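Let chain A serve as the given structure and place chain B on it in line with the hints.
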Amino acid sequence: MHIPDGVLSINVVVSTYAVLVGVAYAAFSKISRVWSSSLTGKTSSIAAVVFAAQMINWPIPGGTSLHFVGGALSGIMLGPWAGFTAMLTVLLVQALVFHDGGLTALGANAINMAVVAVFSGYVLYKVLKRSAWIAGFTSGWLSVFLAGTLCGIELWLSNPLSIAPLIVMALWHAALGVVEGAITASAIVYVKRKAPQLIEV
Amino acid sequence: MMKPSRWLIIVVALILVSPLFGIYLADLVGYSEPLDIAIEMLGLEEWRDEWPLKDYSIPGLDPYLGYIASGFIGVGAVALTIFILDKALTYVGKKRN
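If you're matching them up, the sequences are chains A and B in order.
Residues in the first sequence are numbered from 0 upward in steps of one, following numbering that gives the first Met the number 0.
Residues in the second sequence are numbered from 0 upward in steps of one, following numbering that gives the first Met the number 0.
So here's chain A without its partners, still in its complex pose (with noise of 0.2 Å):
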């Protein structure tokens, strides 16, 4: 789901990375308010376990394949702030060091998979919460589903031509998002059983 550089319009690029900023500001101002040293253990615990579950790809038989995103888990463990923070530390990483996900599509990424991910696992997460098994799995799927649909319409708002892509990536992701939100349940309901403080929600 990382964007590569050379797909987007420049207005695409520059109102992504100006709504960036934008959150980014205001997630820094409001974790610097509660910032310790154990979330800054934990914050870089679940980055580390997220950057090394995205190096993971699953193939699908036809042809495509998918990674753990990991947005919805970031928002339920560390809440939506740490978790975006979490998030755009693993996304900068990949663009800055790997070239995974392009520099001039750095705000898009992050809008989708930081921003949107992030943000739409925690609420849902926060609103099914009476079993972590439900609530794990759906915010886990809605997350990818969220943001692999927002990909695409960052590409159809480049290339209006053609909304064949948006459509690709809006059913890919309703399917693909099945995997996220297994995988984001088994982790919850894990530490949810070993060590329920580490949930965030």
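Calculated from the structure, these hints are not laboratory results.
One thing to keep in mind: the hints can contain errors.
[As the list claims (entries may be wrong)] Pairs of lysine-lysine residues, derived as BS3-like cross-links and limited to a Cα-Cα distance of at most 30 Å, are as follows: (1) A:Lys29 <-> A:Lys128; (2) A:Lys41 <-> B:Lys2; (3) B:Lys93 <-> A:Lys41; (4) B:Lys86 <-> A:Lys41; (5) B:Lys94 <-> A:Lys41; (6) A:Lys29 <-> B:Lys93.
[As the list claims (entries may be wrong)] Across the chosen pairs, the derived CB separations fall in these ranges: (7) B:Pro62 <-> A:Ser130: 36 to 44 Å; (8) B:Thr89 <-> A:Trp57: 36 to 44 Å; (9) B:Gly42 <-> A:Arg192: 44 to 52 Å.
Remember, predicted model here, so these are calculated numbers, not experimental data.
Note that beta-carbon positions come from the ideal geometry of N, C-alpha and C, so glycine has one too.
Okay, now just chain B, sitting in the frame of chain A:
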């Protein structure tokens, strides 16, 4: 709180198995992500620019070892970024008080 050693075990295990999926199965199946399919439908191409560690590979190193080494480099970079952020946020917090 979960012990730091447990986080480390999870991260190391994920990095060690990652080439199985990122290289072996990738070569075997020849897949691409939905985004690659969407970009191809638009007739667009990613900019071909040089990058030292592009695609989690290290020049001159076996692809499997390079993928694993990239995982550790990436985790190190993540930790370093959050360390710098920690210093900045602690400074801002102290200044506010």
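Results for each hint:
1. A:Lys29 <-> A:Lys128: holds (24 Å)
2. A:Lys41 <-> B:Lys2: holds (10 Å)
3. B:Lys93 <-> A:Lys41: Within the cut-off at roughly 21 Å; holds.
4. B:Lys86 <-> A:Lys41: Satisfied, since the Cα-Cα distance of roughly 15 Å is no more than 30 Å.
5. B:Lys94 <-> A:Lys41: Roughly 24 Å between the alpha carbons, so the hint for Lys94 of chain B and Lys41 of chain A holds.
6. A:Lys29 <-> B:Lys93: holds (15 Å)
7. B:Pro62 <-> A:Ser130: 36 to 44 Å: holds (43 Å)
8. B:Thr89 <-> A:Trp57: 36 to 44 Å: holds (39 Å)
9. B:Gly42 <-> A:Arg192: 44 to 52 Å: Given a distance of about 50 Å, which is inside 44 to 52 Å, the answer is holds.
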